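**Q** Work out the full structure, taking the sequences as your base and the hints as a guide.
Read off the chains here:
Protein chains: 2
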Amino acid sequence: MSVLIVGSTALDSIKTPKAENPRLLGGSASHAAVAASFFAPVKMVGIVGKDFPKKYVQLYQRHKIDLEGLQIADGKTFHWSGEYEINMNNRRTLETELGVFETFSPKLPESYRSADFVLLANIAPSLQHHVLDQMRRPKFVVADTMDLWLNIALADLIKLLKRVDGFVLNDSEARQLTQEDNLMAALKKLHKLGPKFVIIKKGEHGATLSIRNGAKTEFFMSPAYPLNRVVDPTGAGDSFVGAMMGYLSTARGPIEQNIRRGMIYGSVVASFCCEGFGLKMTTRVTKHTIEKRVKDLEKLVRF
Amino acid sequence: MSVLIVGSTALDSIKTPKAENPRLLGGSASHAAVAASFFAPVKMVGIVGKDFPKKYVQLYQRHKIDLEGLQIADGKTFHWSGEYEINMNNRRTLETELGVFETFSPKLPESYRSADFVLLANIAPSLQHHVLDQMRRPKFVVADTMDLWLNIALADLIKLLKRVDGFVLNDSEARQLTQEDNLMAALKKLHKLGPKFVIIKKGEHGATLSIRNGAKTEFFMSPAYPLNRVVDPTGAGDSFVGAMMGYLSTARGPIEQNIRRGMIYGSVVASFCCEGFGLKMTTRVTKHTIEKRVKDLEKLVRF
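Residue numbers (the numbering used here), protein chains in the order written: chain A, 1 to 303; chain B, 1 to 303.
Rather than coming from a laboratory, the hints here were simulated on the basis of the structure.
Fair warning: there could be bad hints in the mix.
A pair holds if it fits inside one copy or across any two, identical chains being indistinguishable in the list.
As a list, the in silico EDC-like pairs of lysine to aspartate or glutamate whose alpha-carbon atoms are at most 20 Å apart [what the hints assert, rightly or not]:
| no. | residue 1 | residue 2 |
| --- | --- | --- |
| 1 | K202 | D181 |
| 2 | K202 | D171 |
| 3 | K15 | E291 |
| 4 | K15 | E275 |
| 5 | K18 | D181 |
| 6 | K216 | E298 |
| 7 | K292 | E218 |
| 8 | K18 | E180 |
| 9 | K202 | E218 |
| 10 | K15 | E97 |
| 11 | K188 | D296 |
| 12 | K18 | E83 |
| 13 | K202 | D147 |
| 14 | K139 | E180 |
| 15 | K139 | E275 |
| 16 | K295 | E218 |
| 17 | K299 | E218 |
| 18 | K299 | E256 |
| 19 | K76 | E95 |
| 20 | K15 | D181 |
Values in this document were obtained by computation on a predicted structure and should not be read as measured data.
**A** Rendered as structure tokens:
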């Protein structure tokens, strides 16, 4: 089954203490779509400007990403520039140029509307709603978000959470949204907002899954793949959830049973993402290198 | 086999956003010894003043801790007072009164010197050396430390690392000692200082073990037991390593094979420690409640 992914399609200029890379292919949809492409066919929804480099279109194509839902509009592609501190965890935005995103209204091609797996990757909640409105009867819908939307579009986001099966956010966002410092307490509150599946991403510390099953709640802790060197963590969270959704769309059996392994695949693809700027290392991934790291993670937590 | 534990024996006055508790039983040796006592007989080395409450001696005795190596000296028991911030991770020391610790020179009873498992819990590296000097041929020696010793007794600590099998420290200490922000890089440097086993404690994010085996290095990630509420994390790290050493001293087979499970037991006892002030909840632990949480952790990481 295919995965529909909506999110940002951007050019990222990324500065780290060691290097500077202008106008890399970035955006939540780009990272998530490439990550998902190792597992399943992907239908991408997004918008780019006339300045969008052809080589990036070709990159999508090499990953067999369906681009019927990618609008090419007059104007400039969304451009983000950011800088990482020496510890590679803290980053600050230097500049954001919305470009064609300012007037983006995703219209889904007919062939997209019956997708079973929908990833509403990080983008304005109003656009996530808009995509969901056009879907027929998706089997599993997951939304990601970022702190910006907690600050400027909270009401939209809260409404969205009633419409999704899964919600993915990072630890600081979970704390901000729930006003709970303890993540177990935060998870409980997040379930009350709607989603049955909640995943809190903790960067180098992995991710915690909580599944609400009636009165019972189950947890899973997914380790992050330990890296000797983080080159650029931009897009790691998008890669994580993209790979997870790709895996889930092809795995047999109930989501409840598959999602743990899906998160492991997510951790592995996210680890490759961190090892190069932009999508450089993610695009070099193969089924074989993925499976090798999955085996490593199996050993890493066994006792 | 019994575990010899040297460390601080203290009275702790602990302030959290929710409560204030004066003169609780504390210190690295107290926490580690009680934690180890659920698995093995413990021989404790430490010093207290004449003001040390009888009820705390009785607490040690209830846990069958051998107190032949506990000196009772003229003067006051070491007293630490500290305050936790609302997130329960950041703490600051309000006051430290060394008392009888100022002139402490541990002299091991004859019956202690042949212990096979030695835990040099957090205390001045010179005292850790001094205890090790008096041991016959211990089978497995682990040292813990704290940032204070990195700042004021680094040379002693570096010397100690050449004499121990295992070294346990927390993530910020590992970064400070190695000047490496990446923990995998830090682990590599820590092995070069001597120890075959290095464990980096990451608080609520669990602990990472690295075993150097010739040219090969193996890793293990121990999850922290997820808690809905942290009351007082003081002594959690000491409980972790104490329980691990207690478990290891009774487990059959090579340390390399048992240490992962040892860390899991450590995580579990540390989780109980965090649920009450001082040793309140740790002392209520039973074999049964420990095994239940070990099973929970097994489920928590399975995929």
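**Q** State for each hint whether it applies.
**A** Each hint, compared with the structure:
For a Cα distance limit of 20 Å, the shortest separation of K202 from D181 qualifies both inside one copy, at 14 Å, and across copies, at 17 Å. In this homomeric assembly, K202 and D171 come within 20 Å of each other (Cα to Cα) both inside a single copy, at 6 Å, and across copies, at 15 Å. When the C-alpha separation of K15 and E291 is checked against a cutoff of 20 Å, the pair qualifies neither within a copy, at 31 Å, nor between copies, at 48 Å. Taking the closest pair of Cα atoms, K15 and E275 come within 20 Å of each other only inside a single copy of the chain (15 Å); across copies the shortest separation is 43 Å, beyond that limit.
For the homomeric pair K18 and D181, the shortest alpha-carbon distance between copies (14 Å) is at most 20 Å, but the shortest distance inside one copy (33 Å) is not. In this assembly of identical chains, the alpha carbons of K216 and E298 lie at most 20 Å apart only when taken from different copies (18 Å versus 26 Å within one copy). Proximity of K292 to E218 under the C-alpha cut-off of 20 Å is restricted to the inter-copy arrangement: shortest distance 15 Å between copies versus 28 Å within a copy. For the identical chains of this complex, K18 and E180 are inter-copy neighbours only, at 15 Å across copies versus 36 Å inside a copy, given an alpha-carbon limit of 20 Å.
For a Cα distance limit of 20 Å, the shortest separation of K202 from E218 inside one copy, 18 Å, qualifies, whereas the shortest one across copies, 23 Å, does not. Taking the shortest Cα distances, K15 and E97 sit within 20 Å of each other inside one copy (17 Å), while across copies they are farther apart (47 Å). Taking the closest pair of Cα atoms, K188 and D296 come within 20 Å of each other only across two copies (18 Å); inside a single copy the shortest separation is 31 Å, beyond that limit. Proximity of K18 and E83 under a CA criterion of 20 Å is satisfied intra-copy only: 11 Å inside one chain copy versus 38 Å between copies.
In this assembly of identical chains, K202 and D147 lie within 20 Å of each other by CA distance solely inside one copy; the values are 14 Å within and 25 Å between copies. With identical chains, the CA atoms of K139 and E180 are never at most 20 Å apart, being 31 Å at best within one copy and 45 Å at best between copies. Within a single copy, K139 and E275 get their C-alpha atoms no closer than 33 Å, and across copies no closer than 40 Å, so neither meets the 20 Å cut-off. Taking identical chains as interchangeable, the C-alpha atoms of K295 and E218 lie at most 20 Å apart only when they sit on different chains, with a minimum of 13 Å there against 24 Å within one chain.
In this assembly of identical chains, the alpha carbons of K299 and E218 lie at most 20 Å apart only when taken from different copies (9 Å versus 22 Å within one copy). Only between protomers do K299 and E256 lie at most 20 Å apart by alpha-carbon distance; the minimum there is 14 Å, versus 23 Å within a single protomer. For the homomeric pair K76 and E95, the shortest alpha-carbon distance inside one copy (14 Å) is at most 20 Å, but the shortest distance between copies (59 Å) is not. Proximity of K15 and D181 under a CA criterion of 20 Å is satisfied inter-copy only: 18 Å between copies versus 31 Å inside one chain copy.
Going down the numbered hints, you'll see the structure goes against 3, 14, 15, while the others check out.
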